[in-house]
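Number of protein chains: 2
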Amino acid sequence: MDDTLQFALAPRSVAVIGASDDPNKIGGRPIHYMLRHGFAGRILPVNPSRAKIQGIAAFASLAALPETPELAVIAVAGEAAVEAVEACAKRGVRVAVIIASGFGETGAAGRAIQQAMVTSARAHGMRLVGPNTQGIANFGNGAIANFSTMFGELPPLDGPVAICSQSGGMSQVVYGLVRNRGIGVRHVHATGNEADLTVADFAVACALDPDVRLILLYLESIAEPERLARAAAIARERDVPIVAIKAGRSASGQRAASSHTGALANEDRVVDAFLRRHGIWRARDPHALALAAEAYLKGWRPEGRRLVVISNSGASCVLAADEAEALSLPLAELAPETRAAVAAKLPGFASAANPIDITAALLQNSRLFGDVLPVLAGDPAADLFFIDIPVAGAGYDVDAFARDTAGFAQATGKPVVVAVAQESIRDVFRAAGVVAYADGTDALNALAQLASHTELMRAPAAAWPGPERVSLPEGAGGFLDEAASLAVLEARGLPVVAHRLCRSADEARAAFAAIGGPVAVKACSADVPHKSEHGLVALGVADEAAAIAAFEAQSAKLDAMRASRQGVIVAEMRRGRHEFMVGARIDPVFGPVVLVGDGGRYVEALKDFAILLPPFDAGEVLQALHGLRIAPLFGGLRGEPPMDLEALAAIAVGVGRLLRDAQGSIASIDLNPVIVGAAGEGAVIVDALVERG
Amino acid sequence: MDDTLQFALAPRSVAVIGASDDPNKIGGRPIHYMLRHGFAGRILPVNPSRAKIQGIAAFASLAALPETPELAVIAVAGEAAVEAVEACAKRGVRVAVIIASGFGETGAAGRAIQQAMVTSARAHGMRLVGPNTQGIANFGNGAIANFSTMFGELPPLDGPVAICSQSGGMSQVVYGLVRNRGIGVRHVHATGNEADLTVADFAVACALDPDVRLILLYLESIAEPERLARAAAIARERDVPIVAIKAGRSASGQRAASSHTGALANEDRVVDAFLRRHGIWRARDPHALALAAEAYLKGWRPEGRRLVVISNSGASCVLAADEAEALSLPLAELAPETRAAVAAKLPGFASAANPIDITAALLQNSRLFGDVLPVLAGDPAADLFFIDIPVAGAGYDVDAFARDTAGFAQATGKPVVVAVAQESIRDVFRAAGVVAYADGTDALNALAQLASHTELMRAPAAAWPGPERVSLPEGAGGFLDEAASLAVLEARGLPVVAHRLCRSADEARAAFAAIGGPVAVKACSADVPHKSEHGLVALGVADEAAAIAAFEAQSAKLDAMRASRQGVIVAEMRRGRHEFMVGARIDPVFGPVVLVGDGGRYVEALKDFAILLPPFDAGEVLQALHGLRIAPLFGGLRGEPPMDLEALAAIAVGVGRLLRDAQGSIASIDLNPVIVGAAGEGAVIVDALVERG
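One line per chain: the protein sequences are A and B, in this order. Under this note's numbering, the first residue of the first sequence is numbered 2, with each subsequent residue one higher. Under this note's numbering, the first residue of the second sequence is numbered 2, with each subsequent residue one higher.
Just chain A, same shape as in the assembly (with noise of 0.2 Å):
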């Protein structure tokens, strides 16, 4: 564990300033938490006017303390707040732990006092939580640095899952669901305004902890991608899961997470690539982020995506079979061994393929359940198991259903997940040690979560060799013109469009005839980045003539537009299967990204691209393509050949890593179209615009 957590995690002494006798006041609620949760540790209540504090001495001040506290707990507000962080930083304290709010959350003023208390902090080595935060809390030790309603609310339980939230309320919401869900909780961390400290760091701390299996995060902004990622790479090593929401997906959720804790917007869809890399699952919200505890905490981690369905109602097998097609599990093929002995222990009527339908005739035969789910343990088509029991009760064995389910789970070793509406009956599977839901939706996107994380855990990280040379011509700033921002890709291996920068009549004669027609041509200016819009770019031109023509009108258009005139390309015209674009530029968070996906003029307007952070390769880059709209062309249609997406993936590479070995000096990279031919043809970049950093 890092060096400074381990006070804020495992503190010999905390101090609570402000600390109050009311159990249910903020000042008095760290206190009643420790004191209940055995919390080792000296307890120091820092009050003027009372001598004991919820039954322990109290002090008038930080001053009269007997002892330095490794951890503060400042409960105090505005001014007095700012007072107690210099005093606890000049005292030696380790870790303080801010409650108040009223900070950087406010605007200017407010960014500035809490920098202040930074600084402050840092120059005595002291490290802060918040300002704006409930707190911190271990449950291993019960150092309860929080003043959480819930703990309260619900009988503490030390267990496998940790918990780290920027905010405290949804660091609440999250105990709860995983709580009630019988499961127990080692930490509980939020991180407020993250002056100093942020929800990664304790990420980190949480994946070093031995006993935690499963993180969950609750982010409002990612400021430091690369903490996020440390303490991702820890987890992924461990076998521990991360699942994260990212709050501030849309426009307006983003300004209200900036009056929420001053949190900086980050690009919605970046934050999906950068997740997705680090292998971290993404939840939309709450009850999404739990959903999968159990599944995780049993440890399974499925081999693939088949899925076989058990029900004793129809309709349940229907909607099972809808919603698996919507999460791609595919129903799994049974063995003919498997299905021919289903059919022998089921009534006639029933349907022994998958989905299985042991039908109504269930409350007439409690046996038929635990008949039927030993012949499918054997059978090795199926990676996942649902089993839906919408309706049981009286007349039904549910006893018998459940131990005859968890046998199952445990000869299989495979996921097997079970909705049951009732809570009564619920009750019994879980009792029984089954991974059971009140919806079956719920349950298959569960199993649908665990299978695509787990493969995404598992995804080897790409390695790309060590930097290479840049060529980019003199100059700072702006963009480069075509001629050049093609010789910069050209310089790196990528296929550029066969062109010439032609600066006389002449040239445009000579490129005519060494490229042959017909030619595009196109004005080549670094004032005039888009060109088509000043109808500067002439196609399909057919004949010698022309291109002279075109090449004129050009040089005169650029000097009407008193546009700096490099010369006019005169370039081979390319036809292809489809026009692509890639693009890349440097995000200001995550730093190089790089976009690939459909091209032409509406690339913004229809956004069906994908997102990539380095370093990545050409599968990765053919995963994304797959994902795209347009994809259903890829393999080719009505008789057209498949495309060479082999050859756009190694554009995507390249570009990336372009991006990364300029170190600053591109900002970005914009290459649309990027024409790719049909399979073994290869793809060419054919416009390219090139962004000085």
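There may be inaccurate statements among the hints.
[As the list claims (entries may be wrong)] Restraint ranges, calculated between C-beta atoms of paired labels, are given here: (1) A:Ala463 to B:Ala336: 51 to 61 Å; (2) B:Ala439 to A:Pro156: 31 to 41 Å; (3) B:Ala401 to A:Pro156: 19 to 29 Å; (4) A:Gly141 to B:Ala401: 45 to 55 Å; (5) A:Arg112 to B:Arg639: 55 to 65 Å; (6) B:Gly305 to A:Asp240: 47 to 57 Å; (7) A:Pro337 to B:His125: 41 to 51 Å; (8) A:Ala266 to B:Gly517: 53 to 63 Å; (9) B:Pro381 to A:Ala113: 34 to 44 Å; (10) A:Asp544 to B:Arg575: 22 to 32 Å; (11) B:Ala382 to A:Gly494: 57 to 67 Å; (12) B:Arg639 to A:Gly665: 24 to 34 Å.
Hints were generated in silico from the structure; no laboratory data involved. Positions of the beta carbon are idealized from the N, C-alpha and C atoms, including for glycine.
Starting from the structure of chain A, add chain B where the hints point.
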């Protein structure tokens, strides 16, 4: 109520054939439930081996009954069930509920037996429910011809909800969901294989029950849409919302449905369009089916979608803003005076803008909540309110929160829903009459559904003028050639491209002269509906000689293909803003359907089209178009003018009316491309293919 269904839903006497003394057996439960729920009619158990069943006099056979039962529950299986149907029909029973499985869902033999039962019932005017059904139940009078387990698990409560379901299991799941929320249920009817009576028939009966205020349906197949349309019309007239699951959305779901009840597959996107047209809200699963029940039953019918969010958690505000944006619920712009009044009540660091973040200061001052709500009640900017209290408990005045919220909802008369994660706190809100959810996402989805469904229920149905003449050339079956196809459209006043059908080189020359180059030259043969795949289309033909050459080449090619040769079309080359497609065909279940969407080669692969069911007006087409993926292009990007979508909509309406008026003589119409110009420039049908019925 339908004359026959009164015998099903309000019978004076009910026979149970195969009656059991065991209240947990299929033949025992209906008797048990009727006794328990005070059925006032006569119960007539039929069992050859017992004198009494559950304390009531039993009879050895149907023949031995002292009176003719109006309703019979047939709880025997196989051949005995078939015989019982025959006996009931002959005895004059009015409705028989056949519980046994093993008929239409098992294949051709089972279907034949099932059909024979229908025939024998019809011969005597008896109606059938099932087979393969759980039965029907009316809690208004205790007529419970149903063996549901759930009625024994949950205390019955008559109320305003009706559940009609093909599946018995699903009827129970939905019953459980609704009842567990404290809502009473009047009707629970399951129809199984629907050999005779369908979900739609029961929906009609429920819509006519004056005490019913919400109808929930589970459908696996829609065989006779006009029955469902009738139920929808009656319900809409009475302002009774209908929410429906239609399972079998996917190919594997449709296979599972077929082995469940022998259901025929429906094309899922046409189902969507059908339900929308009839004001029925489609839910994905049982959870979604019951989701908005309380909101509907409050009678809320919101005027718009503008949302106000209030929470004591900043994170809940952020997540709600994200979810609202995803659900197209704009955050209401509160009036400056409202914001000022809210700000005056809250601490300085709280957010008085929408979302309104009361912050954790609520723990210190429980009045903040009750102070803020009345201020908001007066602002006309809001249509919907969402209050999220993710955490409360000791230290909070939860009773006051619940009371304040209930008063607020009363004062506004607008939808006010609350999310409360903690069950015990949620119960306090519910007890105060507040609509409360466990989950914020659920609460917002319920609001969005309520707003969208209200819009749908209020949308006026378009009316089309009476049929007009359709001029089809003589002949039967197959495709019309393109010239004939265009002529059919032109005769209906639809805008088709200027063109001439040329039968000689001279005619081609004359056509070129009349139309002016460049032109398109297209072979015209009823044998070759898809010309471009055979190289029978030349575009951009610029001069007369080339036009004649194309004429000759295409004529020769048609002859070489041994295809009929109606001639060669010379047509104007039209340019426009975008190429769309308009299609129409006769769905085997739903009748005429019209498709409108993005045009081009890949319509089937990319599926960017909307489906409309007649009658519809141009406004509906425009609304559907704005749901397309290419919608961001409509207004014009990068200096382009907007598109003339009105002209496209008029073509879609015209094609729909043409198909209706053709009364089966046209099977399909395929217009691709329809070139749409800039606003005011119109749209023109460039390529047309009409298929005879």
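Hints, one by one, checked against the model:
Checked against the hint of 51 to 61 Å, the C-beta distance between A:Ala463 and B:Ala336 comes to roughly 54 Å, which is consistent with it. In this structure the hint that B:Ala439 and A:Pro156 lie 31 to 41 Å apart at CB is violated, the actual value being about 20 Å. For B:Ala401 and A:Pro156, the hinted distance range of 19 to 29 Å is satisfied, since their beta carbons lie about 26 Å from each other. About 37 Å separates the C-beta atoms of A:Gly141 and B:Ala401, a value inconsistent with the hinted range of 45 to 55 Å.
Separation of A:Arg112 from B:Arg639 is about 39 Å and departs from the stated range, judged on CB atoms against 55 to 65 Å. With their beta carbons about 50 Å apart, B:Gly305 and A:Asp240 fall inside the hinted range of 47 to 57 Å. Separation of A:Pro337 from B:His125 is about 46 Å and conforms to the stated range, judged on CB atoms against 41 to 51 Å. Taking 53 to 63 Å as the suggested C-beta distance range, the pair A:Ala266 and B:Gly517 conforms, at roughly 55 Å.
About 39 Å separates the C-beta atoms of B:Pro381 and A:Ala113, a value consistent with the hinted range of 34 to 44 Å. Remark: the range hint 22 to 32 Å for A:Asp544 to B:Arg575 is upheld by a beta-carbon distance near 27 Å. Between B:Ala382 and A:Gly494 the C-beta distance comes to about 59 Å, which sits within the given range of 57 to 67 Å. For B:Arg639 and A:Gly665, the hinted distance range of 24 to 34 Å is satisfied, since their beta carbons lie about 30 Å from each other.
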